[in-house]
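Undergrad: Letter by letter, the chains look like this.
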Amino acid sequence: MTDAAYTSAEIMSVVAARHLHDGQVCFVGIGLPSEAANLARLSHAPGVVLIYESGTIGARPDVLPLSIGDGELAEKADLVVSVPEIFSYWLQAGRVDVGFLSAAQIDRFGNLNSTVIGSYDDPIVRLPGAGGAPEIASSAGEVIVMLRQSRRTFVESVDFITSVGFGRTGEGRPGHSGAGPTVVITDLGVLAPDPTSHELRLVAIHPGIEVGEVIDSTGWELKVADDLEVTRAPTSAELRLLRDLKERTAAAHAP
Amino acid sequence: MAEITTLREAVEELVLDGATVALEGFTHLIPFAAGHEIIRQAKSGLTLVRMTPDVLYDQMIGTGCARRLVFSWGGNPGVGSLHRLRDAVEHGHPHQLELEEHTHAGMATRYAAGASGLPFGILRGYVGTDLRGRAEVASIASPFDGEELTAVKALNPDVGVIHAQQADRRGNVGLWGITGVQREVVLASTSVIVTVEEIVDELDLEGPSPVVLPAWTIDAIAEVPHGCHPSYAMGYSTRDNAFYTQWDGISRDRSTFDRWIKAFVTGPSDFSTYRTAIEDGSLLGWAADD
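Listed in order, the protein sequences are those of chains A and B. Under my numbering, the first residue of the first sequence is numbered 1, with each subsequent residue one higher. Under my numbering, the first residue of the second sequence is numbered 1, with each subsequent residue one higher.
Be aware that a few hints might be false.
[Stated by the list, open to error] Short, incomplete list of chain B residues facing chain A, as computed with Cβ under 10 angstroms: (1) N76; (2) P77; (3) L118; (4) F120; (5) T266.
[Claimed, not checked] Covered stretches of chain B, going by a simulated chain A footprint (3 or more residues, C-beta under 8 angstroms): (6) 1-15; (7) 91-104; (8) 121-127; (9) 193-206.
[To be verified] Derived CB-CB ranges, DEER-like: (10) B:E13 to A:R243: 46 to 56 angstroms; (11) B:E206 to A:R248: 22 to 32 angstroms; (12) A:D121 to B:A141: 50 to 60 angstroms; (13) A:T196 to B:D145: 28 to 38 angstroms; (14) A:I215 to B:T190: 36 to 46 angstroms; (15) A:D78 to B:G235: 11 to 21 angstroms; (16) A:R151 to B:S255: 45 to 55 angstroms; (17) A:Y120 to B:R67: 31 to 41 angstroms; (18) A:Y120 to B:T266: 51 to 61 angstroms.
Just so you know, these hints were derived from the structure itself, not from any lab. Built from N, CA and C at the ideal position, the CB exists for glycine as well.
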């Protein structure tokens with residue numbers, strides 16, 4: 001059941017979903033994180049509690065929302081709270097186990113940039129900005145990052161620290177209650193921080209990917225774990241669930 | 001005390017050039033009709049405040065209403081960039097836009113402090129980020145255990161604007177579903193405009209998380225059905241996700257944007273043209289070369 005063909009986006013979602021455990025409380029962003037979290041909920045982790053920053057707690061959407069505040073989320077949630085409350089009583093107070101984040105750039109110490117490419121005052125690209133990411137990165141028990149890997153996105157040092165990983169020089173996380181990024185899931189493999197240096201290193205590669213390709217797609221001198229693993233390919237059952245979910249979603253959002 | 005009036009009169013009277021104006025609604029209940037009226041009346045020099053400046057602020061920035069933007073996330077949710085916002089920041093079109101940016105938690109805390117009449121709010125946040133140098137925030141030690149925390153300045157807009165499902169004839173406002181910072185912006189602002197889907201005899205408040213804002217916290221109420229489109233009002237409409245997707249193409253190009261604004265916002269005398277276009281499908285059917 002592991003020989004099915006799959007896309008790079010699909011393996012990212014499947015691998016991320018496998019990192020979520022039943023019963024965990026997960027703060028979810030839109031896009032691949034939402035896809036992965038809902039795949040986990042529909043497969044091995046039916047008891048996972050999904051929280052979207054619009055204040056929907058225990059959301060069980062039938063189709064993936066386009067925005068964090070689609071009616072689909074509010075209608076099928078355990079409760080809906082205000083935005084000040086979601087960030088204070090629920091996230092800041094430490095009730096979230098896992099935060100899922102993406103970004104435009106990540107650096108060797110897991111810091112994330114979703115604010116600006118280039119200089120702040122004269123940007124090359126103005127990105128949407130922080131949203132809820134900085135406090136998710138700070139207060140969630142751990143952070144799972146999902147991001148396609150290239151020299152453009154995996155850089156030596158981010159242009160702007162929107163959300164803290166282990167700091168500009170890898171110094172660690174003073175002032176942050178959560179553990180920070182524990183895994184970074186890409187279209188090529190999985191990176192994780194070295195426990196002492198906090199530098200992201202390659203711990204798994206996806207089937208058919210060469211280590212050299214991952215190194216070439218990284219903007220710093222990427223270290224490779226001695227016990228490098230090969231990701232288990234998505235099963236046909238995982239792919240069927242994911243594709244059904246995406247088909248339902250596409251049909252629901254069509255004009 | 002709330003006066004039930006027209007949106008045109010409410011904006012004429014309460015939104016002055018140069019004012020600090022917050023139109024709120026977290027994905028849900030975004031006051032598009034009120035924003036369109038501000039554009040129609042060519043208000044200028046505004047400081048626009050909003051946690052999630054999305055398509056509405058793209059329209060207001062692209063038409064030159066804003067001098068300054070205070071925000072925490074500026075994008076088209078699930079779609080991508082706001083092209084008019086980016087054009088203003090990256091190229092100064094139609095003119096320069098000053099930015100003050102925060103995190104969602106920071107903005108929510110600022111509104112809550114404003115609503116509470118406090119000079120600042122407190123949270124754990126901004127530590128180690130480059131936002132710290134860009135936003136008005138400061139470190140503060142807990143007087144009880146010394147923990148280092150972050151203080152953010154209270155937000156008290158001159159005008160707060162929200163959309164809600166209902167108002168009753170006495171001017172009490174009822175809303176439910178995703179409530180965002182609707183209550184906080186109303187209680188933090190000096191004057192308040194509310195557009196509603198419907199004016200009713202009694203608020204029914206049957207959805208999740210009902211909020212009532214009493215008439216004496218509000219200045220002007222206008223009945224504007226669909227006044228939050230392409231956002232939605234739970235119980236009345238669903239989010240027009242197809243329009244959000246289509247906005248990407250409309251907003252990418254300056255002249256297409258200008259033609260769209262003329263067709264649906266500045267050309268018509270009020271919101272009814274836009275509402276008709278939603279209902280008869282011509283809003284989604286609009287093409288740049290029409």
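Undergrad: With reference to the structure, classify each hint as holding or not holding.
TA: Outcome of the hint check:
no.: 1; hint: N76; result: holds (9 angstroms)
no.: 2; hint: P77; result: holds (3 angstroms)
no.: 3; hint: L118; result: violated (13 angstroms)
no.: 4; hint: F120; result: violated (14 angstroms)
no.: 5; hint: T266; result: violated (25 angstroms)
no.: 6; hint: 1-15; result: violated (count 0)
no.: 7; hint: 91-104; result: holds (count 4)
no.: 8; hint: 121-127; result: holds (count 5)
no.: 9; hint: 193-206; result: violated (count 0)
no.: 10; hint: B:E13 to A:R243: 46 to 56 angstroms; result: holds (54 angstroms)
no.: 11; hint: B:E206 to A:R248: 22 to 32 angstroms; result: holds (27 angstroms)
no.: 12; hint: A:D121 to B:A141: 50 to 60 angstroms; result: violated (32 angstroms)
no.: 13; hint: A:T196 to B:D145: 28 to 38 angstroms; result: holds (30 angstroms)
no.: 14; hint: A:I215 to B:T190: 36 to 46 angstroms; result: violated (58 angstroms)
no.: 15; hint: A:D78 to B:G235: 11 to 21 angstroms; result: holds (19 angstroms)
no.: 16; hint: A:R151 to B:S255: 45 to 55 angstroms; result: violated (36 angstroms)
no.: 17; hint: A:Y120 to B:R67: 31 to 41 angstroms; result: violated (19 angstroms)
no.: 18; hint: A:Y120 to B:T266: 51 to 61 angstroms; result: violated (33 angstroms)
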